[in-house]
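K.L.:
Spelled out from the first residue to the last, the chains are:
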Amino acid sequence: MTMWGMLIAIYLFLAGISAGSYITGILCDWYVKDERLIKLRKAAIWLATPVLGLGLGILIFDAEAGLFNPWRMAFLFNNLPFSMMSTGTLIITLFFFLLVWHGWLEFKNKFVPNWVKVTGLVLALGTAAYTGLLIGLAQVPFWNTPMLPILFSVSGVSAGIAAAFIAGVMWDKSIIEFIIPLKKVHLGLLVFEAFLLFSLLYVAASRDVTAAQSVSMILTGELALWFWGGLVFIGLVIPITSESIELIKHKQVEPPLDLNLQHFSAGKGEVMKLYFVEGATIFGGFCLRLIIISAAIPINVML
Amino acid sequence: MARYGMLIDTIKCVNCYACSLACQTQNGLPDDENFIYFLEKEEGTFPNVKRDFLPVQCQHCDEPACEEVCPTGATYKDEDGIVVLDNSKCIGCKYCGVACPYSARVQLHDSMYKKGTYEDAGREYNYTVEKCRFCKELVDNGEQPACVTTCISNARIFGDLDDPESELSKAIVEKKAKPLRADLGTKPKIYYVR
Amino acid sequence: MLKSKMTRRTFLKASAITGVVAASASYVGRGNISDASSIQDAEKIPNLCNGCSSRCGMTVTVSDGRVVRVDGNPLHSRSRGTLCGRAHGAALLAYHPDRLTEPLKKNENGEFEPISWEQAYKEIGEKLQTIINEHGPDSFAYFQNPKRVQRLYGDRFVEALGSANIFSHNASCNLSRDTGFKHVLGGVPSGDVANAKVTLFIGRSYGDGIRPSQLQNLVTAKDNGSKIYIVDPRLNSTSNLADEWLPIKPGTDLALLLAIANVLIEENLYDKEFCEEHGNRFEDFEREMKQYTPEWASDKTDLSVDVIKQVARDLGENRPKAIVEQSWKGAFGCNYENSTETARMVGLVNALLGNINVDGGMLFTSGPSLESPDNLKEPGELKPRVDGAGIKGEKWYLADTAKGVGNAVPDFVKEGKLKAAFCQHHNPVRNHPDYEVMKEGYEGLDLLVVVDIWMSETAEVADYVLPESSWLERTEAVEGLGGKTPTVNLRVQAIDKIHPKTKNFSEIMSELADEMGLSDYFTDLETENRTACEKLGISYDELLEQGTIQLESTWEPGYQGSNTESGKVEFACQAFEDAGFTAVPKWVEPKVTIPEGEFRLIHGKQNIHSHTYSTNIPKLAQISKEYNLDSVWINKKRADELGIKDGDPVIIENEMHTGKTTAKVTEAIHPEAAFYPSHYGSRASLTYNDDNGLSINDYTPHQYEAMSGAPNMMETSVQIKKDGA
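Protein sequence lines correspond, in order, to chains U, L and A.
Note that numbering that gives the first Met the number 0 gives residue 101 to position 102 of the first sequence, counting from 1, and the numbers run on in steps of one.
Note that numbering that gives the first Met the number 0 gives residue 11 to position 12 of the second sequence, counting from 1, and the numbers run on in steps of one.
Note that numbering that gives the first Met the number 0 gives residue 176 to position 177 of the third sequence, counting from 1, and the numbers run on in steps of one.
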């Protein structure tokens, strides 16, 4: 462990989810272009706001010197653009204000100009990437791989989609039938995440002795249960298998998809299954950050 | 204006902890926090064995990773090249601590101190992320840092790297002292004889 | 590798520093860095460190009435301007929560209750007088840490009552060494390491049992290119300054020395002229050494024949600037059945090298003689010592009388010879082997008075515990130090008493003496100090100011004769023959043979600790925790056989004790040895040292070395196994 602990892992996780959730909202609009997903879009955008707020709160809580002397937070942007903390905080702050505004427009059912969505999308991607870059730029051998920011971004979006699904379905069960296109994206992200994860471990293990120690801590050491059980099995195997089965089944039923026919009944079983599978994805996302933060071993200066 | 640096001759170091204890007193640190820590490495097999001791503290890098990442500008390099901290700006985000390759930053916990049974001297640590400052208040007064003064075996030499005539500059050349992990590119100003 | 770093913050119990920091001391957390300024209105007061018994000269910086910093006093010959870690830890003792604040008396329920000083003096005086009237003055003993203030007020008190029973703590430190040296060289010389070309250290580690001047001398030697050998079953902390490590089998140093003597004589590398002129019965020695060939020693020591020859030749070829350093507790202070014999051989190998009192050799220097006022009453004739040290025909005739066989106290109590004792700045119940025996012994005294700053294992069994002011709160007696440049030194009170009812030892003893009608033997400290300075022709006020005054050197190079029976170097000692041993040193096997699969439990100092008291200093206890210093060192190969990995919890056990600790698995130790530092395992109820590891004294039986009576502290075998296995 470095000086950063559990709270930072949670913060990075929440920021990732928030970004992912917002991206889901934008995808509903631009990619799926399905009117029936309005509720999902709204839920996704609204969810992103408190989640990010909570994350920011945790960040402040972890920065105790600032917590007790709040005026010092004013110095946070002093080191732009050199400190990833300054840059990231600026991105997140802007993103937060944008979320509030966008959320307000959605709430009032007002027209959301495209530039708001574009800016939001850029800030969301920035937030997701920042959570990886923040630690990727630290002098911890295990963290210094180019894959880490991408992995954190992908995992953030994937957990965000999952969170948005849950929020959307809680609001209106029926949307469960219209999210197949998004599920394809989700599945792709999960597979990509698994690929990134193992390449990261491989690259880390082969480039530096200390990083290799971190990797063995994850694969066979004290973090093995979190890794194999939490991240790999619950966070990747379960969602990937389940989403794949669903997509295959779906393909067999198609086409055509009559808009008015209730092919699937959005029964209790389906809803519970969605909660479980998407919950597993979110849990996996948390495990990923916890593992990466916990496996950090400072540089060996005694070479 | 100087460019302060240090030489630590680990051949003369017996790992006696005096430097870190003197530092603790000088800086009023709680008992469980130190600006100097010790690494040990053993090489060889019995009976051909070597033990290496390595006291590590802030290396006062010319290009400090901690300064680079500090969001508030609390960490900065002063005109004498000493990496210092402006406590009034530090928010305690600990990014410096994570970024420092030498693990030289220490967050001071007020609560731990208060738990103690000793009389409270009225200090406030406020969770700022502290570090060795080459005992700047002593150095500005023409004195030596506390770790240097106490060192029994004279393993530490403090001085001006810009002055080729300083004891430090001469010793670095003579003993072929090198910084720790110069490959990391932070240009540390503590030179080690190993 | 980074384990220590990662566990740095785990010891939450430790508290705080004290107030060292006070207001202006430093600026951590004090806002803008530009506010930083040096200590304001600080006073610098000279003192002598009490971190260990070396009493290094130091300067205490006091601001606002609080200790804020300590520095070495550059004038002082032991600190030379530097200080080890213990000084910085011990500087805060005055503020320690465990301090005794008033006199305590044990009631019928075995609990301590506070009493007034008047009551304490009255009751102790009466009880002591009754015991002396009934059993004689020799039923009273005094246990101390031998410094001049103890001599002036403690020893004199005992002698005023007619007893010679003064015991120092040295029985558990260097009784064997001093006994051996006393008989062959007439005293313990100091190796002039800085100027020697070759130095052989036996069990002594300047980097672990630190006295700054010695470590500095070694660094000087290293800088000058001298050759340094370290003989130690463990590669100690001085290792980087050494050229070669001789990982000897524990308890066999005597064999190495005998073989070195053999090679020096056989290869004619010794100082023939010196030995014949200044040696007593050299020819007996020469004859006896013939049997101790390097081949024989190699078998005993696990060192190769070549190495033994090489060391001997290095020493012989570089004589007289070649020395076998005198050591301290190290390997032969009081540790093995052959320790006194080892000490004799260290003295004699040095004599063979002709290095006695020459530059780069073994020096005999003297300190200034400090005198008391002439009008003080002198003690009359004293009863013989209860341990028989120095008394012909007695069991421990050979033992050094300046130390005494203090570890035998439980026996004397059992035999009814000792009834009352005073103990100050010493903790015999914990510091001598076998806690149970010691505890029972000291409990058996009719009167035990302990003077200390906090409770110790000994204080806990006392009838009265008297609270002493801590070292920075008291001025002590002027004291002298020998060396090429002799010095006069003084501890000067640096801060006001934190606890007003505590008193200085000198006050306590003179007030008790008043109570017992012994006032004529004593005067106040200031008079003692002024008199000593006046008679020496130095200014007391200057001494108060600077703590140390350097005197003109009185040291003359060259052999000046020896303070032995024959006045010469005793290559053969009649005294040993009289005591039933051989006149010429001979090989003595260690008492305990280590069975297959077991370990010899050896111990030594750690450089942040002193004796057993410093583990209750939070700063120092914290370092022990942080770096797992309270671990047992085991050889890697042995550990592999036992399935023990570095950092594993292990159990050390023998028929006496079973205890848990962690293993430090290392290549840097002889396979037969298990090394455990000697500071831990306190049983006194103090704030910072509960659960602080094991005590080596719990594993060693109450036993005696035949020659000196020393407690044979490394004559014990233990089993080590993985905890839970």
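Keep in mind the hints are simulated off the structure, nothing from the lab.
All C-beta atoms, glycine included, are put in the ideal place defined by N, C-alpha and C.
A couple of the hints might just be wrong.
What the hints assert, rightly or not - Taking lysine-lysine pairs in the DSSO-like style, the calculated list, with each CA pair at most 30 Å apart, reads: (1) L:Lys49 / A:Lys226; (2) L:Lys40 / A:Lys590; (3) A:Lys659 / L:Lys186; (4) U:Lys183 / U:Lys248; (5) A:Lys590 / A:Lys502.
Said to hold, decoys possible - Quick list of the computed label-pair ranges, beta carbon to beta carbon: (6) U:Pro49 / L:Asp77: 38 to 44 Å; (7) L:Asn153 / U:Leu6: 51 to 57 Å; (8) U:Glu269 / A:Ile650: 56 to 62 Å; (9) L:Asp77 / A:Arg312: 53 to 59 Å; (10) U:Met72 / A:Lys105: 57 to 63 Å.
Said to hold, decoys possible - Sample of chain A residues with no beta-carbon within 10 Å of chain L, all distances over it, derived: (11) Arg68; (12) His87; (13) Asn239; (14) Gln290; (15) Val304; (16) Glu439; (17) Glu442; (18) Thr522; (19) Ser538; (20) Leu543.
K.L.:
When you look at the beta carbon of Val304 (chain A), is every beta carbon of chain L farther off than 10 Å?
P.N.:
For Val304 (chain A), whose nearest Cβ neighbour in chain L is about 15 Å away, the distance exceeds 10 Å, so it holds.
K.L.:
Return holds or violated for the Cβ distance of Asp77 (chain L) and Arg312 (chain A) against the range 53 to 59 Å.
P.N.:
About 57 Å separates the Cβ atoms of Asp77 (chain L) and Arg312 (chain A), which means 53 to 59 Å holds.
K.L.:
Does Asn239 (chain A) sit more than 10 Å from chain L, CB to CB?
P.N.:
At roughly 5 Å from the nearest Cβ of chain L, Asn239 (chain A) sits no farther out than 10 Å, so the non-interface label is violated.
K.L.:
Decide, holds or violated, for the assertion that all CB atoms of chain L are farther than 10 Å from the CB of Thr522 (chain A).
P.N.:
36 Å, holds
K.L.:
Would you check whether the claim that Ser538 (chain A) is not at the interface survives, using Cβ distances to chain L and the 10 Å cut-off?
P.N.:
Non-interface label stands for Ser538 (chain A): nearest chain L Cβ at 28 Å, farther than 10 Å.
K.L.:
For the pair we were handed, Lys183 (chain U) and Lys248 (chain U), check the Cα-Cα distance against 30 Å.
P.N.:
13 Å, holds
K.L.:
Just checking, Gln290 (chain A) versus chain L, shortest CB gap more than 10 Å?
P.N.:
The claim holds: Gln290 (chain A) sits with its nearest Cβ about 27 Å from chain L, beyond 10 Å.
K.L.:
Non-interface claim for Glu439 (chain A): all C-beta distances to chain L beyond 10 Å?
P.N.:
33 Å, holds
K.L.:
Does the structure keep Lys590 (chain A) and Lys502 (chain A) at a Cα separation of 30 Å or less?
P.N.:
45 Å, violated
K.L.:
Leu543 (chain A) clear of chain L by more than 10 Å, beta carbon to beta carbon?
P.N.:
24 Å, holds
K.L.:
Range hint 56 to 62 Å: satisfied by the CB atoms of Glu269 (chain U) and Ile650 (chain A)?
P.N.:
58 Å, holds
K.L.:
Between Pro49 (chain U) and Asp77 (chain L), does the C-beta distance stay in 38 to 44 Å?
P.N.:
43 Å, holds
In summary, the numbered hints that this structure violates are 2, 3, 5, 7, 11, 12, 13.
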